[in-house]
Amino acid sequence: MDTMGLHSIFQGWSAVLRGQEDEVPILIGFNHDPLAGLSETKPSQPYIFAEKLLLGVSWLIFAFHYLFELFWYRKEEERVIFLPAHYLQRMRDTAMGELALQNTGDKKPFVSESDVLFAWWTRIVLRALEPAPSRTIMIRNVFDCRSILAELGHIPSAGAALITNAFFATLTFLSTRQILEEPLSFVASGIRKSLDQQRNMEQLQANVAIQKATLDNAGHPALFGDSGMLMIVCSNWCKSRLFQADFSAAVLSSGIPLSQRANQLGRSSYVNVTGTKTYATRNTGVVIGKDAADNWWLLYTLRAERWASVEQQLRSMSEKDVN
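The opening residue of the sequence shown carries number 1 in full-length UniProt numbering; numbering runs sequentially from there.
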């Protein structure tokens, strides 16, 4: 289950607590799989990165590099990152200003807070990992496909409770040099462009088709890029609104006075993510969300010894802010 499914559960749970069962989202039953129909329709266009599909020797080379990394550097650590609201706001304002100066068309440029956050974090990670300047970096984002399923008529509406994993990847390919040397707005706009290009019905169907064909014919999931690339993966949970889950109806008495805290009664001040895993999740993480004070929380896994570099970079940001 993805976090949008969890969001639906929280919606229903809190509605029942309030005595408003009519507000419980419509549950899509387990006897119907809305995602299954995606592979039954012939895509109207090819997948945007079809020519980058890794097969045969190129796939084996990538797998070797990945497994060698896990074998040679066995220790990895998962940590929580807290980014105060004003840091991201400043970075986004700068990015929007840079894009406005570069814009020559009628369409106003746009990057979201999440685009800027992922671009910034990718830079932090690459400075810590120090890959070769020419190395290809795959920035792997994800999107929720419920609105597309509703558009196709597979579910009643995007707000229906679909308790499953209903997300797909959007990919952005840049070099280490581009990410570290170009303005942050360049990387953020690249991430936004990828979302705009790939988060639609035609590309979703094309993606599902090539994934199914690769799994059937090659025996492994489809992977796009080049054999020497480095993957930086992040899933944004902000739309699941975990910090806004409302359990005020279950509160018996208030703790800290509301005047002394940002979060409202019955809503979280901190969301912790934990679980069990039997596989490596290196260079992978999530944006947990934005709290009541608009501060951002991330959870990420890196090679253990590389966290010292991340800490130094974050400390440097803090010191510059003070000075």
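Keep in mind that the hints are not guaranteed to be accurate.
Stated by the list, open to error - Pairs of lysine-lysine, DSSO-like flavour, derived with a Cα cap of 27 Å: (1) Lys107 <-> Lys277; (2) Lys212 <-> Lys107; (3) Lys75 <-> Lys212; (4) Lys277 <-> Lys212; (5) Lys52 <-> Lys42; (6) Lys212 <-> Lys193; (7) Lys320 <-> Lys212; (8) Lys42 <-> Lys212; (9) Lys52 <-> Lys239; (10) Lys42 <-> Lys239; (11) Lys277 <-> Lys320; (12) Lys212 <-> Lys108; (13) Lys42 <-> Lys108; (14) Lys108 <-> Lys75.
As the list claims (entries may be wrong) - If you anchor each label on the Cβ, the simulated ranges turn out as follows: (15) Leu35 <-> Asn103: 35 to 43 Å; (16) Gly19 <-> Asn103: 29 to 37 Å; (17) Glu202 <-> Gln102: 37 to 45 Å; (18) Leu6 <-> Thr41: 23 to 31 Å; (19) Ser259 <-> Asp321: 24 to 32 Å; (20) Leu258 <-> Trp307: 29 to 37 Å; (21) Arg74 <-> Leu152: 40 to 48 Å; (22) Lys107 <-> Ala292: 29 to 37 Å; (23) Gln89 <-> Tyr270: 15 to 23 Å; (24) Val251 <-> Leu215: 44 to 52 Å; (25) Trp13 <-> Thr104: 46 to 54 Å; (26) Arg177 <-> Phe64: 19 to 27 Å; (27) Leu265 <-> His65: 44 to 52 Å; (28) Phe64 <-> Ser147: 37 to 45 Å.
Rather than coming from a laboratory, the hints here were simulated on the basis of the structure.
Nothing here was measured: the structure is a model prediction, and the numbers come from that model.
Glycine residues also receive a C-beta, built at the ideal position from the N, C-alpha and C atoms.
Hint by hint, here is what the structure shows:
The suggested pairing of Lys107 with Lys277 is violated, with an alpha-carbon distance near 45 Å, which exceeds 27 Å. The straight-line distance between the Cα atoms of Lys212 and Lys107 is roughly 37 Å, outside the 27 Å bound, and the hint therefore fails. A hinted pair counts as satisfied when its Cα atoms are at most 27 Å apart, and Lys75 with Lys212 does not qualify at roughly 34 Å. Between Lys277 and Lys212 the CA atoms are separated by roughly 26 Å; this keeps the pair inside 27 Å, and the hint holds.
Simply put, Lys52 and Lys42 have alpha-carbon atoms about 20 Å apart, close enough for the 27 Å limit, and the pair holds. A C-alpha spacing of about 25 Å is found between Lys212 and Lys193, which places the hinted pair at or below 27 Å, so the restraint holds. About 49 Å separates the Cα atoms of Lys320 and Lys212, which puts this hinted pair outside 27 Å; it is violated. This hinted pair checks out: Lys42 and Lys212 have alpha carbons roughly 12 Å apart, not beyond 27 Å.
In summary, the hint linking Lys52 to Lys239 is not supported, as the alpha carbons are separated by about 30 Å, beyond the 27 Å threshold. With a C-alpha separation of about 30 Å, the suggested pair Lys42 and Lys239 falls outside the 27 Å cut-off, and the hint is violated. With a CA separation close to 38 Å, the supplied pair Lys277 and Lys320 exceeds the 27 Å bound. Of the pairs offered as hints, the one joining Lys212 and Lys108 is violated, with about 37 Å between alpha carbons and a cut-off of 27 Å exceeded.
Taking the CA atoms of Lys42 and Lys108, the gap is about 34 Å. The hint is violated against a cut of 27 Å. Restraint check: the Cα-Cα separation between Lys108 and Lys75 comes to about 45 Å, which exceeds 27 Å; the hinted pair is violated. Distance hint check: the CB atoms of Leu35 and Asn103 are about 38 Å apart, consistent with the given range 35 to 43 Å. Between Gly19 and Asn103 the CB atoms are about 51 Å apart, so this pair departs from the stated range of 29 to 37 Å.
Range check, Glu202 to Gln102: about 28 Å between beta-carbon atoms, so the 37 to 45 Å window is missed. Distance hint for Leu6 and Thr41: a CB-CB separation of about 29 Å, consistent with the stated range 23 to 31 Å. Between Ser259 and Asp321 the Cβ separation comes to about 27 Å, which falls inside the hinted range of 24 to 32 Å. For the hinted restraint 29 to 37 Å between Leu258 and Trp307, the CB-CB distance of approximately 36 Å keeps it satisfied.
One distance hint, 40 to 48 Å for the beta-carbon pair Arg74 and Leu152, holds here, with the actual separation near 44 Å. Range check, Lys107 to Ala292: about 34 Å between beta-carbon atoms, so the 29 to 37 Å window is met. At roughly 21 Å, the beta carbons of Gln89 and Tyr270 sit within the given window of 15 to 23 Å. Restraint check, Val251 to Leu215: a C-beta distance of roughly 48 Å satisfies the suggested window 44 to 52 Å.
At roughly 50 Å, the beta-carbon separation of Trp13 and Thr104 lies within the given 46 to 54 Å, and the hint holds. Between Arg177 and Phe64 the beta carbons are some 24 Å apart, a value that agrees with the proposed interval 19 to 27 Å. Checked against the hint of 44 to 52 Å, the C-beta distance between Leu265 and His65 comes to roughly 51 Å, which is consistent with it. One distance hint, 37 to 45 Å for the beta-carbon pair Phe64 and Ser147, holds here, with the actual separation near 39 Å.
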